Each structure stands twice: as structure tokens, then as C-alpha cells.
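Colleague: Construct the entire structure; sequences and hints are all you get.
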Amino acid sequence: MTKNKLQRAVAIVLVAAALVLAVLGAVNLPKRTTQTGQEIIDALRIRTLLNATGDGVVESYVKIAQDEARAKAREDAKATGANVMATIRDYVAKAEEETRAKYASSQTDYDALDTTALKAAISTYAAQLADYQAVAQQAEQAYIDAHIAEAEAAAAAARQAKIDAGQEVGEEKPVTVDMSGFVATEEMKAAQLKADEGFAAVGEALCGIYPVLDAAAVNTLKGTITDVVYQRGDEFTVQYDRYMAAGSEKALENGTAAFLIRYADDLLYGALALLVAAATVLYYELLCKKLGIPRIIIGLFFILLCFMTLWFDLGLSTLLSNSLVRMGMNSIMVLAMVPGIQCGISLNLGLPIGLVAGLIGGLVTIQLGVPGWPGFLLAIVVGCVIAAVAGWLYAQLLNRLKGDEMSVTTYVGFSIVSLMCIAWLVLPFTSLKLRWPMGTGLRNTIGLDNTNFKHILDDFLAFKVGSFTVPTGLLLFMLLMCFLVWLFTRSKTGVAMSAVGNNPRFAEATGINVDKMRVIGTVLSTVLGAIGILVYSQSYGFMQLYTAPRQMGFIAASAILIGGASTSRCKISHVLIGTFLFQGVLTLGMPVANELVPGSTISETLRILISNGIILYALTKSGGEARA
Amino acid sequence: MSAEYVLQMNHISKRYGENTVLNDVTLQVRPGEIHALLGENGAGKSTLMNVLFGMPVIHATGGFDGEVLLDGEKTSITSPHDAMLKGIGMVHQEFMLLPGFTVTENIKLNREVTNRNFVSRLMGKNLETLDMKAMSSAARKALDSVGMSIDEYTRVEGMPVGYMQFVEIAREIDKTGIKLLVFDEPTAVLTESEATQLVSVMKEIAKSGIAIIFITHRLDEVMAAADAITILRDGRLVTCRAKQDTSIVELAELMIGRKGEAMVSTEPREVPQGNVALKVCDLWVNMPGEEVKGVSFDVHEGEILGIGGLAGQGKLGIPNGVMSLYDAMGDVEIFGEKLKLGNASNALNAGIAMVSEDRKGVGLLLDQSIEDNIVFTAMQIHGEYLRKIGPFTQKNDKEIRDVANKMIADLDIRCFGPTQHAGTLSGGNQQKVCIARALAMKPRFLFVSEPTRGIDIGAKKLVLETLVRLNREQGMTIVMVSSELQELRSISDRIMIVSEGQLVDILPPGASDADFGLAMSGIKPGEHKKGGDAP
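Those sequence lines, one after another, are chains A and B.
Be aware that the first sequence starts at 1, since it is given in the numbering used here, and climbs by one per residue.
Be aware that the second sequence starts at 1, since it is given in the numbering used here, and climbs by one per residue.
Read the hints as simulated data drawn from the structure, not as lab findings.
This one's a predicted model, so the numbers in the text were calculated from it and none came from an experiment.
Among the hints, erroneous ones may be present.
No farther apart than 20 Å at their CA atoms in a straight line, the calculated lysine to aspartate or glutamate pairs in the DMTMM-like style are these [stated by the list, open to error]:
1) K289(A) with D367(B)
2) K338(B) with D282(B)
3) K492(A) with D367(B)
4) K102(A) with D55(A)
5) K340(B) with E508(A)
Modeller: If you want it as C-alpha cells, here you go:
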């Protein structure tokens with residue numbers, strides 16, 4: 001009862017805080033485009049400009065003083081007969097020091113300056129620059145559109161030439177159009193002229209403020225001034241950040257108000273986050289019951305990451321789109337855990353058996369040069385046949401070692417990867433796409449391209465909504481496989497198989513051949529592993545041989561466990577939820593981690609931590625009520 | 001030994017939660033006396049001994065009421081070790097010997113004779129040298145006193161079972177100051193000649209002044225060995241008799257007794273004498289703890305046959321063997337056709353269904369829904385409740401739901417609905433789901449094994465009534481195995497008593513308590529009367 005009250009109190013506090021943030025955010029957000037926002041930007045811009053040019057002005061004074069000192073030193077040296085060079089050095093240094101000391105203070109006292117003329121000039125100039133940039137961007141895009149096909153053809157030809165010569169072909173980079181042939185259009189020139197007029201006005205105003213500046217000096221400062229005044233893609237937040245980074249915060253009469261306007265959107269996100277937190281606190285028991293603690297933790301972590309990408313302005317929709325792709329590419333491998341768990345071999349950590357079978361299927365396709373869909377289907381068929389045979393042998397082993405599946409599958413997984421490391425060196429594939437150009441053996445990473453099955457599912461019926469790309473084909477394939485497995489679990493054999501996994505003695509008492517069901521489950525799991533790695537490869541764009549498949553079994557196992565499965569029970573929904581959460585956390589985690597700790601490998605650490613931690617957690621559970 | 005009794009346990013009561021397992025029990029043992037403790041399973045013998053030895057399970061559940069007197073002095077025994085120090089020894093039913101050690105080492109374990117040496121002077125008593133000579137001579141003496149000629153240096157590993165029993169006894173005797181020895185079913189694993197030897201050894205030990213508490217269910221051994229007999233039933237003291245004042249028949253009767261009223265009353269009827277439904281010939285079943293050693297019997301169509309007997313005597317092995325849940329050997333015919341043992345599907349296909357005594361282990365898929373549990377066997381064996389699409393099959397959700405709802409209504413399964421997981425139901429409702437699963441098979445022959453174990457009284461009544469209804473209305477032939485004799489008597493047409501893996505006798509439900517008691521301890525009542533052992 002008291003706990004309930006405490007929960008309610010915490011939730012109320014959170015909701016109240018959320019309301020405050022929401023009101024602040026909602027009030028301040030529209031101010032960006034109104035007069036208030038414009039005034040903030042103007043004030044900051046003038047200050048930044050004066051700062052930037054002010055440095056230039058001091059330099060001018062210094063230069064003048066130095067020149068005078070140098071002349072005076074020559075004369076004095078002549079008169080006294082002292083060492084000319086030494087005297088010049090002394091005089092120049094002294095003059096610079098004095099000048100800097102003299103102007104340093106006066107240049108920071110910006111309020112004393114009369115900037116009315118400058119303000120007007122800059123506003124005009126900014127508008128003119130914006131016009132120019134818009135025109136230029138349009139023109140450049142038109143040029144790129146006209147020349148992109150040409151550039152792509154050239155890149156493909158160069159690539160083919162490399163392959164023919166037996167050289168290593170790296171990752172396919174996005175084709176860029178060479179802009180060296182671009183000539184400014186008439187419109188651009190006109191806009192440019194107008195902007196130049198604006199700049200002249202600004203220069204004049206500046207000269208009015210700093211008498212020392214002349215037209216030549218202003219011209220040398222043109223780049224600096226232009227960059228301060230306007231940059232392509234400028235909007236409130238970008239400009240605010242740029243001017244703040246330049247140290248212009250003193251220009252603001254009310255820093256807090258400006259701050260609130262700048263971070264109004266983040267305040268709104270914060271309000272939303274607090275609401276989520278309040279809901280979690282309020283419905284904690286219900287969530288725990290429905291989802292289980294690990295899923296709550298991972299789910300909340302995922303939501304937190306979503307908010308952090310918003311706070312850091314990292315482009316949430318692009319990242320979510322990437323998560324969706326990664327969910328699709330990993331989902332079939334996670335689905336491969338389902339028959340394993342249901343037939344009672346627990347987590348199939350020997351999944352690499354299926355993975356290498358699938359990889360061999362892919363290699364065969366590339367070797368034979370079968371392109372597109374037929375190639376992909378051929379790879380799947382070959383992979384499945386090999387996986388079925390290997391899976392049957394693997395199942396025989398598991399049936400002889402009942403009760404120790406967890407360790408057996410783990411060691412089988414490791415062993416098969418090591419065994420295949422030798423096999424990759426000696427398998428008789430001859431295609432230059434597969435072999436090292438020199439020496440023996442297959443490449444470590446085999447790049448897929450348009451001549452085989454790269455992105456064959458990802459690009460099928462794919463469409464874009466803003467920056468959110470939907471990989472329709474990939475998702476359809478994922479759902480199709482899930483549906484097929486779901487149908488299987490509802491067939492007579494599937495029902496018998498899940499009874500074997502659930503309670504082998506019960507199954508035996510019904511005359512079900514326990515060993516046979518375990519074989520079926522293991523073979524199915526291995527075959528799904530083969531399909532899974534092909535789906536993964538086509539999306540990733542590479543086939544990775546050697547030690548790459550070693551960890552994938554663990555990743556798949558932890559994904560399904562996050563989804564809510566135990567080592568003896570699972571559903572298709574666990575596959576979908578688990579894969580999305582696991583891959584989502586990784587995809588969002590990487591940029592956020594880089595933002596927090598630049599240049600770190602925290603994301604990789606996170607992956608290992610989550611995947612192994614969740615497996616351990618599941619094992620502690622399986623020892624308890626699940627098996628009792 | 002000034003006191004009259006070496007051990008007095010006065011007015012002992014023990015409750016586990018709501019459950020009273022011992023109620024005002026008194027046990028008094030004289031020095032040098034062999035005192036038999038008799039009772040069915042669950043009569044409270046083990047709990048009484050747990051109290052005597054101060055087992056942690058007693059203290060952990062709130063202790064007990066009453067007092068324990070040793071040599072007339074009130075004592076409190078706090079742990080098994082404490083009991084040992086106070087001169088109480090136990091010969092365990094399962095041997096507690098280290099197989100890789102010699103007889104001597106086992107006898108002297110943790111009571112070794114040691115000599116001080118250089119290291120032990122520095123490092124303490126744990127590093128003293130063993131005096132093997134003294135140890136083996138002590139072991140020899142103990143072995144001689146139990147009449148064993150075996151060499152004291154032999155390893156325990158690979159010894160005949162009977163020898164191990166004697167080594168255990170020797171170990172207890174070797175303890176100095178031992179006053180009281182408890183023998184827990186010592187003859188269960190012994191051959192007849194070994195058992196006879198054991199009885200004479202016990203008498204020898206008793207003669208030396210050590211009192212013996214002898215726990216057994218073999219009435220003839222009791223009569224042969226014991227001086228006094230205490231009988232427990234349902235946690236209560238029935239009586240304490242001197243041997244000369246009683247007879248084997250009386251003991252049997254006292255042990256069984258009448259336990260309340262019949263739970264289900266059935267119309268008395270003629271035992272059906274139709275065709276033979278199940279013919280079992282020389283059945284051997286290797287079910288651990290419930291071995292069946294050559295049982296033959298017939299079950300007639302339309303009858304309810306009860307199988308009774310004490311725990312561990314093999315009654316459970318019979319249905320499990322016929323259903324091939326454990327390795328079984330023998331000739332079984334069902335409705336005139338030969339049944340091949342070895343795979344459960346043969347029996348199921350022949351129309352036999354079984355409700356297992358191991359509900360959670362064999363009877364249910366705890367993680368799956370009630371409806372999936374109910375239709376599982378019918379689906380796998382008869383291919384029912386499936387929709388066929390070419391070579392593929394899919395569960396027929398509607399049919400499954402219909403049959404599940406019908407079963408839930410018929411058997412009064414208390415649940416939230418047919419999709420509730422079986423593991424979350426109460427024991428009684430789980431049992432009803434097991435019965436529903438058997439009924440979904442539409443069997444002609446039903447094995448019901450311990451149907452009322454661990455379920456409340458209301459559920460018990462309903463389960464038994466359901467069985468009677470199935471038998472009377474659908475003519476289903478039923479074999480019910482149960483430890484509760486009262487239950488068997490209330491619904492069976494005939495009751496078969498099994499002891500030590502063998503059929504003792506088939507009795508009518510109206511037979512006397514004494515007859516059942518004798519049969520349960522392995523004595524065929526008719527033969528006993530002919531043998532003229534009665535006073």
C-alpha cells in the first residue's frame with residue numbers, strides 16, 4: 001500500500017516536471033521564427049562579426065606600428081652604430097607589445113561602438129547571400145543530375161577493370177560527380193553581383209566603426225565575414241550554436257531566455273521522456289509481469305537512446321530506418337533459435353554450422369556467376385541442402401549428449417568455425433572475386449555487388465518516407481519466414497516437437513520418438529541459419545568468412561532472449577521484438593556513444609556486454625522454475 | 001542402566017503447517033529389547049525417527065511437542081551428531097558407505113584411532129597418523145559380533161548388498177557407548193537367508209544390552225524378532241503390545257484399521273465376468289523404486305480392478321510397464337490381441353489410456369495451455385483435431401476449443417479458460433486435465449495411477465465419482481492403482497495386493513482389514529490360516 005503510494009507520488013512529481021518542461025518548450029519553440037528569435041540571432045551575429053573583424057583590425061594596427069618601428073630602428077641604428085638586425089628585432093617586438101596592450105581592451109568594449117549602420121548592412125547582406133546560395137544549390141543539383149549516369153558508368157567500368165586484373169575490389173563507395181566542369185550560371189552571377197554590393201555596404205559600415213580599416217583590409221576579411229553572416233543550410237539552432245562556439249554569448253541581454261528558445265525542442269523531448277518514466281513507475285508491476293525485467297531494462301534503454309539521439313540532433317529517423325534494416329537482416333538467424341528451443345536442444349549456439357552452409361551456398365552462386373534472384377535462390381537451395389546434412393549429423397551428436405546441450409552447442413559452434421578456417425583456404429573456388437589475388441585461399445571479406453545478390457531483398461519494392469527508408473522486400477521476406485515457422489509449430493509434427501522440448505517424458509508417454517523430433521528441430525534450426533546468413537550478407541553487402549560467424553550464434557541467442565523467450569519456451573513474437581530491441585540498441589548506441597565518449601569503441605563493448613549478459617541471465621532462470 | 005526404559009518418547013506431536021503428522025505418540029523402549037515400529041506409509045514412523053535424531057527438518061519447521069527421555073533423564077537432541085554422541089545409532093535403509101574405502105575405513109570413518117606425530121604436534125589434531133592396526137582390530141571385533149567373516153581390508157565396492165548392510169550395523173555397534181540402534185527397513189534389500197541372519201544378529205546385539213528399534217512392514221519378521229511392538233496409524237498411536245500378547249492377524253488388522261467412511265458409495269454389484277480385456281502374463285518392469293518381478297493377472301471387460309500395496313512394492317510399475325513408460329518384459333494381451341511392449345504408442349493405439357501418478361513429470365505439459373494438453377495425445381495418436389491441407393497439417397482451433405470447453409464443464413475443471421497454462425492450476429485441477437486428456441482419446445481401457453495423490457478432498461471425491469460414472473455409463477474397463485486402501489475399497493470390484501514386486505492375492509473389497517494387512521506385508525491371508533501360525 002505504501003509502495004503503491006510512493007509510486008504514485010513519484011509519478012505525480014515526474015508528470016509535473018514534464019508539464020513544466022512541455023510548457024516552457026511549447027512557449028519558446030515558436031519564438032525562433034518570430035522577432036525575438038531574429039533579434040537574438042542579429043545580436044549574436046554582430047558580436048561575432050565584430051569579434052572576428054576586430055582581431056583583424058588589431059592586426060592592422062600592429063602591422064602599422066611594426067612598420068613604423070622598423071623604420072625608426074633603422075634610423076636609430078644608423079645614428080648610434082648599433083647592430084641593425086638586433087635593434088629592429090627589439091623595436092618591432094616592443095611596438096607589437098605596446099599596440100596589442102593598447103587595443104586589446106578597447107576592442108572588447110563593443111557596447112561603446114555604434115553599430116546601427118552595420119546592423120542594417122548585414123541584414124541586407126545575409127538575405128542576398130541566402131538568395132545566392134539557393135540559386136547556386138539549384139544549379140549544382142541540376143549539373144549533378146545531368147552527369148550522374150556518366151559517372152556511375154565510369155565507376156563500374158573501373159571496378160570491372162580491377163576485377164579483370166585480379167586486384168582487390170574494396171567496398172563500393174557512393175558515386176560522386178566530378179564538379180570541376182561546373183560553370184556558374186547567369187543567375188548565379190547576377191546574385192553574386194548583388195551580394196557583392198551588399199558586402200561593399202558592410203565593408204563601408206565596418207570602416208566607419210574601425211577607422212584603421214581600408215578597403216583592401218576589408219577585402220582580406222571577406223571570407224571570414226561571409227562565413228559569419230550566412231552559411232548554406234543556416235537556421236536558428238545552427239547559427240546559434242555557431243555564434244556561441246565563437247564566444248559571443250555576452251552579446252545577449254537575456255542569456256537564459258535565448259537558451260530556452262534554442263533548446264525548446266529538447267525541452268519538449270524531455271517532457272515526453274519524463275512522461276514515459278512516469279508511466280513506467282506507475283505501471284511497473286504490470287510491465288514486470290507482462291514483459292519481464294530484462295525486456296523492461298532493454299526497452300527503457302532503447303527509449304533512452306531514442307531521446308538521446310534527439311537531444312544530440314543525430315537524426316533519429318535515419319537511425320531508426322537503419323535499425324529496421326538490421327532487424328530484417330538478423331531476424332532469420334534469430335528465428336533459427338525457435339525450432340532449437342522448441343525441440344529441447346535449448347539455445348542452438350551451434351548455429352555457425354548453418355551459417356557456413358549458407359556461406360558456401362553464396363560462394364557457389366558467385367563462382368557460377370548466377371546473377372540476381374536466380375542467384376539468391378540458388379544460394380539458398382545449396383545452403384539449405386548442406387545445412388540439412390550437417391544439421392542431421394549435428395543432431396545425432398546432440399542426441400547422444402542429452403542434458404549438456406548448452407556446452408555441446410557452444411563447442412560445436414566454435415569448432416566448426418575453426419574447421420572452416422582451414423576449409424576456406426583449400427576449397428576449390430576459382431573466381432577472382434572470391435580468391436586472394438595472390439597466394440591461396442578465399443578472401444576474408446567478399447564484396448557483393450550488383451552482378452550477384454547485393455541488396456536483392458533490401459531494394460525490392462523499397463520506398464522512402466522523408467529520411468526513413470523502408471526495406472520492403474527484406475521485411476516481407478522476414479515476415480514470410482516467420483509465418484512459415486509459425487505454421488510449422490501448429491502442425492502435428494510441430495506440436496509433437498514442442499512437447500518434446502517442454503517435457504520429454506510426457507512426449508515419450510505419448511509414443512513420440514523424442515530423438516526424431518530433436519533431429520527435426522535441429523535440422524530446421526540449421527537450415528534457417530543458412531538462409532539467415534544469406535539474408536544478412538545480401539543486406540550487409542559482404543560475405544564474411546573465417547572467424548566472422550563465431551559470435552553470430554550468441555547474438556541471435558541473446559536477441560531472442562531479450563524478446564522474452566526462455567531456454568525452453570519461445571514464440572515468434574519473441575523473435576521480432578527481441579531482434580528489433582537488440583539491433584535498435586546497437587544501431588542507436590553507436591552514434592550516441594561516440595557523442596558521449598568520442599572515438600571510443602563503447603558500442604562494441606556494449607554489444608558484447610548485452611549479448612553475453614542476457615544469455616547468462618537466461619541461464620540463471622532456466623535453472624529455476626522453467627526446468628522444475 | 002538404572003531406568004526402566006532406555007528411551008521414552010512421551011506424547012510427541014508434530015505439525016507441518018496445518019498438517020498434523022504426529023498426534024500424541026508415545027514410544028517406550030527397554031534396554032536390550034527389540035522393539036518393532038509398525039505402520040503403513042505415512043503413518044508417521046519416519047517423522048518419529050526424525051524427532052528422535054533431531055533432524056534439521058524438524059527444527060526448521062517449528063520443532064515438536066512432547067518430551068524425549070534417555071535413561072529416564074529428559075534430554076533435548078539438537079542434531080544427528082548430538083544423537084550419536086548420546087548413544088543413538090541408525091542403520092540406514094540406503095547404505096551410507098564410501099564405496100572406494102575398505103571395510104575398516106568405513107567402520108572407523110570420522111572416529112579413527114590416531115597417534116600423535118611430529119607434524120600434528122605443530123599443526124593440530126587433524127594431521128595425526130592413523131593407527132591402522134588398532135583400527136582394524138576394532139573393526140574385526142565389530143564384524144565378528146555381527147557374524148561376518150569378511151576380511152576387514154576388503155573394499156566396500158563390489159560387495160554383495162547384504163554384506164554392506166552388515167558393515168553398516170558393524171559400524172554402529174563399534175561406536176562406544178551405543179545404547180539404542182534404529183534399523184530402518186533393514187530387510188528390504190536382503191535375501192531370505194540374509195534376513196534370517198540379520199534377525200539373529202539383532203538378537204545377539206540386544207542380548208548385549210543395546211536396545212533396538214526395528215522399523216519394517218514384514219509382519220512375520222516382527223513376530224520372529226521383536227519383543228514389543230508399537231503400531232502407528234495416521235500419525236496416532238494405535239497400541240503397544242508385547243509379542244506374546246498378540247498375533248500376526250491382529251497386527252495386520254491394527255495396522256490397516258478403518259479410516260473414516262467410504263468417500264464414494266457405489267451400488268454393490270456382481271463382479272463382471274465378461275471377456276478378458278487385459279491379460280498380463282509374467283510381467284517384469286524395471287521401474288526404479290517400483291520394480292515388478294513377474295506378475296500375472298486378468299482384467300475383465302467392464303470391471304474396476306484396484307491395485308494396492310505399500311509404497312516401493314511395485315504396484316506403480318504395473319501400469320507404467322504395460323504402457324511401456326519403463327523397460328518391461330512379459331506377455332500382455334489387450335482385447336485378445338498381443339501388445340508389443342517397448343513403445344507407448346502401441347498401447348495407446350490399442351485403446352489403452354493412462355493417467356500417470358507423476359502429474360508434473362509425465363502427465364502434463366506445464367508450460368502449455370489446458371486445451372493443448374487435453375487434445376495432445378488424441379492428436380498425436382489418432383490424428384484428430386487436425387485440419388489437413390495436402391500433406392500438411394494444422395491444428396483445428398475450433399474443434400480443440402469445443403472439446404476443451406466440454407471437458408472443463410464435464411469434469412468441473414476450475415480455470416480462467418481453456419488457454420490458461422496447465423502449470424498454474426491447482427493439483428486437483430491438474431489431475432482433472434490429465435483425466436480429460438485420457439478421455440479425449442476415447443479409450444476402451446483406462447489405467448489410473450494414484451489419481452488422488454496430493455489433491456484436496458473435494459477433488460478426490462469428484463475424481464472417484466468420474467471414474468465410477470465412466471465405468472457404469474460407458475462400460476469402460478478401469479484399473480486403478482492407489483496407496484489409499486479406502487479409496488480402492490470404495491470403488492473397485494476386486495483389489496489386487498502387490499508386495500515386493502509380486503502379486504500376493506486378489507481380494508474382494510469387503511475383505512477384512514486383517515486380510516489386507518497381511519497381504520500388504522507379503523503374506524497371502526488364505527495360506528497364513530492354513531499354515532496355522534495364528535494362536
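Colleague: Each of the hints needs a verdict: does it hold here or not?
Modeller: Hint by hint, here is what the structure shows:
This hinted pair checks out: K289(A) and D367(B) have alpha carbons roughly 16 Å apart, not beyond 20 Å. In summary, the hint linking K338(B) to D282(B) is supported, as the alpha carbons are separated by about 14 Å, within the 20 Å threshold. At roughly 18 Å between alpha-carbon atoms, K492(A) and D367(B) fall within 20 Å of each other, so this suggested pair holds. With a C-alpha separation of about 13 Å, the suggested pairing of K102(A) with D55(A) holds against the 20 Å cut-off.
With a C-alpha separation of about 16 Å, the suggested pairing of K340(B) with E508(A) holds against the 20 Å cut-off.
Of the numbered hints listed earlier, not one is contradicted by the structure.
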